[in-house]
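S.K.: The letter at position 81 of the sequence shown is residue 80 when you use this note's numbering, and the numbering goes up by one with no holes.
Derived from the structure by calculation, the hints contain no laboratory data. From a predicted model like this one, the values you see are computed outputs, not experimental measurements.
Quick list of the computed label-pair ranges, beta carbon to beta carbon:
1. G80 x G45: 40 to 50 Å
2. P37 x V121: 39 to 49 Å
3. E41 x V126: 42 to 52 Å
4. C54 x V121: 29 to 39 Å
5. I127 x T97: 27 to 37 Å
6. E122 x D34: 49 to 59 Å
7. K28 x L116: 35 to 45 Å
8. V23 x A114: 16 to 26 Å
9. T110 x P37: 34 to 44 Å
Dumping the calculated SDA-like pairs for lysine to any residue here, alpha-carbon to alpha-carbon at most 25 Å:
10. K28 x C98
11. K64 x K129
12. K64 x F75
13. K40 x Y53
14. K129 x Y8
15. K109 x A11
16. K129 x L13
17. K101 x L81
18. K64 x E15
19. K64 x W74
20. K129 x S16
21. K64 x L9
22. K28 x T97
23. K64 x N52
24. K101 x V61
25. K40 x W62
26. K109 x C14
Idealized CB from N, CA, C, for every residue including glycine.
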Amino acid sequence: MGKANSLVYLHAALCESLRLYPPVPFERKTAVDADVLPSGKELMPGDSVLISNYCMGRMEGVWGKDCMEFRPERWFNDEGGLRYEPSYKFISNAGPRTCLGKEIAFVQMKTVAAALLWNFAVEVVPVIPKLQE
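Construct all of the structure, not just a fragment, from the sequences and the given hints.
M.R.: In structure tokens, the structure reads:
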């Protein structure tokens, strides 16, 4: 696992892939207690909120004008390490509600990517595809 953690660019590319193509496109959350969303909308116990991870990954207000482009560099800080991102930007939640398998999933994805690159000849396509809205 130690070597997998040092693959910073691969980690950033995986984060970027998950941003644009989340494995779970929608999430439904139910308020247990009264709460207020960042927008100011009040929630009462039992209220449900539907979150579109697919749309969140393409929001210009969250990701910038290049939100439709695959750009792993957006995940780097100024020193070249992985940049901290607020929890609302992740499909696996954060804090005490984070996905328990998130770290092992990243190790597995890095292992599969390394095996594919080791065993197959891969070449870059000379065209930069743009995602369509």
